[in-house]
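**Q** These are the residues of each chain, in order.
Protein chains: 2
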Amino acid sequence: MASSVDHAGLKRRQLLAGLGVASAAGLAAAVRAQPGAQPGAWDMTTDVLVVGSGAAGASAAIEASQAGAAVLLIESLPRFGGSSAMSAGVVYAGGGTALQRALGVRDSVEAMSAFIAGMSGPQPPLEKIQLYCEQSPAHFDWLVGQGVRYGEKLATAMSVPLDGESLYFSGAERAWPARELAAPAPRGHVPLGPGMTGGRTLMEALLARVRALGVSMLSGIEARRLVVARDGRILGMEVSMNGERKNIRARRGVVLASGGFIHNREMVRLYAPHLYECSVPWGNIGDQGVGINIGIGAGAAALRMHQGFAIVPLYPPESVLAGIVVNAAAQRFVPEDTYYGVLGDAIAYHQQGRAWLITDRDSHLPPQQDNFPQLAQANTIGDLAEQLGFPRGALQHTVAYYNRNALNGEDPLFHKSPAYLRPLQGPPYRAWNLSVDQAFVPAHTFGGLHTTVDGQVLDGFGEAIPGLYAAGRTAAGLPAAPYIASGLSVGDCTFFGRRAGLAAAGRSAA
Amino acid sequence: MASSVDHAGLKRRQLLAGLGVASAAGLAAAVRAQPGAQPGAWDMTTDVLVVGSGAAGASAAIEASQAGAAVLLIESLPRFGGSSAMSAGVVYAGGGTALQRALGVRDSVEAMSAFIAGMSGPQPPLEKIQLYCEQSPAHFDWLVGQGVRYGEKLATAMSVPLDGESLYFSGAERAWPARELAAPAPRGHVPLGPGMTGGRTLMEALLARVRALGVSMLSGIEARRLVVARDGRILGMEVSMNGERKNIRARRGVVLASGGFIHNREMVRLYAPHLYECSVPWGNIGDQGVGINIGIGAGAAALRMHQGFAIVPLYPPESVLAGIVVNAAAQRFVPEDTYYGVLGDAIAYHQQGRAWLITDRDSHLPPQQDNFPQLAQANTIGDLAEQLGFPRGALQHTVAYYNRNALNGEDPLFHKSPAYLRPLQGPPYRAWNLSVDQAFVPAHTFGGLHTTVDGQVLDGFGEAIPGLYAAGRTAAGLPAAPYIASGLSVGDCTFFGRRAGLAAAGRSAA
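Line by line, the protein sequences are chains A and B.
Those letters in the first sequence? Residues 1 to 510, per our numbering, in order.
Those letters in the second sequence? Residues 1001 to 1510, per our numbering, in order.
To be clear, the hints were calculated from the coordinates, so they are not data collected in a lab.
Reference listing, derived: stretches of chain B covered by chain A, where coverage requires no fewer than 3 residues with Cβ under 8 Å from a Cβ of chain A: (1) 1269-1277; (2) 1296-1302; (3) 1392-1402; (4) 1456-1469.
Being a predicted model, the structure only gives us computed values, none of them experimental.
Backbone N, C-alpha and C fix where the C-beta goes; we use that ideal spot for every residue, glycine too.
Let the sequences and hints guide you as you build the complete structure.
**A** In structure tokens, the structure reads:
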């Protein structure tokens, strides 16, 4: 293979890796729960202790507080908002939300759940999927009720809209095979705001609501371990505050919502090795796995720890989708017009991290794009393949079969949409490196604590650990591999965060 | 797709599933460790308690006993021997074992470790691999020293030898790309014995040695939970004996070696969904994940829980390797002559469980083979593809490219060995279903407790849980996905079982 260094990618990686290391070094060492070691005195007392201030923690705090509980929310970093505030703030919602209806979009709970359940890999979390879909319209109303604003404008492009649109196709709904499973509908709900600031907008609204409800909020507090009674019930948590250990009593429950572990390189290596080489660990630097490990230290089981998203942002521009994506054997392996979380999953998990985009005269990319480096350029497919070191004749063979069918408007292998289907028809041909360590490939973890739909944390035998709850990426929630749509992760954080907060306060959700 | 039911496969599956269910129902409910709940009195006391009597448990018991510890070994089932006794008893060993040298086989530690480390997927457990390879000749001598007998005869076939040979190529060493990573050598060491009884032979020798050393052995004892001191040290274990709860004090340590979880269907669904549809959960019915869950209940981390082997036994006869294996897009995706653990991994984990073998006049199978059902037969590749419902023109295209290169003695995509490489050249063409739910596909889990090379169990923060050890499939050991050679699992059980036993007795291994 021709080698190439993506300097922009490397810089991003070094920057982020540097931040991650600094953060890890700054964390006080958290440790396993100490059995029965009830402290002599509690330094603080609350009803519900929420650990983490992203979308999951904020949503949990809101519901627990509204249910009448005294709530303390702690955050390890100086600022509140977590990875959610860094995100595009997309919430995947459907089944007929107010915004869908206002924009004349037809959708159903059945279509939404068939899409998620059918596309999220083997043995997806069906109970969570079903509940999430059934209550999605009501959950969207709740978000609006918290003060999150949405614009009544539908986007036509497939990427996060930047021009005041609040509803778009954020996933693989229209790509094969999803469109055969369920009627596609746009379900990506984006808060109104300038540019890619949806996450900040979302979190500003939720955190303002948390404050308005009188929730105590403390930043710079590091969770260390759970305090467990002799009968196994969680009593509270030992934390580190300005270097001092303090014990916080949580009379009703503790909600762990401190994110995933993408910035804990050793955890990624051990648990999610397919994400290890991805160029951009994506998330707030607090994503150190502390909440997950604190839960494990109290006897919790953790699920789907190998899973996560690896995003390979092939578009925009959508014109590039007329190109083809191939593996090391020069074979196509996905419909190029699928969601780039599906593409990234296929590359990271199933193609040993390596793939290439082949474009022609009419599908080449703007010179300023730096999401993936150009590797080769040639006047024939054969010359291009030789430069790439592909198996002899393989790329020519793939292109010949693709072109022959594309001429007839067909893609027998992966059913690319007619909108992007045409033969590769003229030089210069170019090859672009989509490999996860060379392209701009943000990655995030999905594995976390085993929970019920109410956020109760379960042990290896499926028994609840009394008083312990988890939500967001600290839990094994709705998002699975492959990641089929933007908004499923933040959507899960808000939806199941709410339920965890309610349950911790002693009230069960509908 | 044409559908077909493999009745033999279904019968096997029902039989084994039935056994699994019966066993699960018969188990007393194990539970999370009860923090600081030290029992008033111990019913039994030992130095080292070993849970499980397969190769890992027996090896641990031998070493602990030889190190001067009083050892109690408990087994949940009526018979000792675990899944190891059901296996072929192959131990993967090399780097110049006595048997390799006696047979004139050249090998090196470097070649062995390069093969394992280079082929075992992303981020393999390098420290365990290195130690295993370095000490492999000495470990083989140890096995011989325990009374395991080997015949000085080298097998030529690729499958478990049945005719007194004790050394064979048990893995993917000679297939591409492994042969480019390291010089291939036969490393599958099979105990001498009639037919496929290597596992029984191995376990008879090890268990005889356990008995001779005076280890107390109790069967029908179910592990329930660990007893943990207030300072976190493991004191012993609560077990169920004839329906009564008893507490066993383990002064020096507890070694969890009770196998994996392939017969716990709910755990497979949650943790290893790619193995869920595999037709034959492979292992002793004690593989219920109890040891893993008991460890988790004491705060242990568990790694690689999604991994395992899925074996698709394509050969014998080796003549079938002149056929090609294709996915749902009619693309080849592996060298057909690789080890069938590599093939099975590719199908189960990377091709959504589905694959087909295409044979011609000269590569068809004996009528009595029932490892995978025949789906279609035709006089042309086109007719065959149509019967299978493959994408139009795709199989023809794959065969044309394959044949053109095979005529020149080349396989540019996957470098199948010349011994099996020739064009598919004459009818009848047949298609066989290799899909994991239709073919005979034994599956076994690899995920388990996070351990050091000395079997010390670690929590989520990488800290050892004092007094707790694990080995065999209860630990995340050497075997990773893909499973690249027979003998790596039982080899790991014996090698790291020994180290865990030694460490539990308070002695560190060399």
